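**Student:** Quick note on numbering: the sequence shown equals residues -24 to -1, 1 to 125 in mature numbering (1 follows the signal peptide of the UniProt record, and there is no 0).
In short, the hints are calculated from the structure, not lab data. As the structure is a computational prediction, the values presented were derived from the model and not from experiment. Mixed in with the good hints there might be a few duds.
[To be verified] Distance condition first, Cα-Cα at most 27 Å in a straight line; then the derived DSS-like pairs of lysine-lysine:
| no. | residue 1 | residue 2 |
| --- | --- | --- |
| 1 | 59 | 121 |
| 2 | 5 | 90 |
| 3 | 102 | 116 |
| 4 | 90 | 4 |
| 5 | 69 | 27 |
| 6 | 59 | 12 |
| 7 | 27 | 121 |
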Amino acid sequence: MTIRTNITLVAIMLLGVIASQTQAEDLKKLLARFEKDEIVLLDVREGVEWKKGHIEGAMLAPFSRIAFDPECRKIIASLPEGKDVYCYSNAGKRAFFAANYLSERNGQPATALKASMQSLISAGFKEADLRPKGFLEQIKEQEAKDLGK
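With the sequences and hints as input, model every part of the structure.
**Tutor:** As structure tokens, then:
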């Protein structure tokens, strides 16, 4: 490799690091607004993905159903006025299309997050606890039985 190629590769890597740091800082600011209840997070992944894990306090409106499903339309209609809406998905594609749909067709301003749910969790957003109620008690009882107590 030439020196020019090496310099180019280093510059590209540095830009990637700077971009990820900027995104992390932006997500921290978003988290602060979310904790103050200034924004709404709209999860536009599918119900199956939601059941596997989602951000605590987010609302579900699957992108595949956002335009025609009456229940999904009720969720969209219930979005609070005056709060910024941020859509998230796994890679950001569905979030982009959902935000466009909400802005153009529904008149609800929305912003697509490029960050995945895992990025949101890494930035400090809490993942919803999906364990059944009484789960920890069941584990303690089973441990007590296993230990002969």
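**Student:** Next step is simple, just say for each hint if it's right about the structure.
**Tutor:** Here is what the structure says about each hint:
1. 59 to 121: 50 Å, violated
2. 5 to 90: 15 Å, holds
3. 102 to 116: The hint holds at about 25 Å.
4. 90 to 4: Holds, at roughly 14 Å.
5. 69 to 27: Holds - the C-alpha atoms of residue 27 and residue 69 are around 20 Å apart, at most 27 Å.
6. 59 to 12: Holds, because 11 Å separates the two Cα atoms, which is no more than 27 Å.
7. 27 to 121: 30 Å, violated
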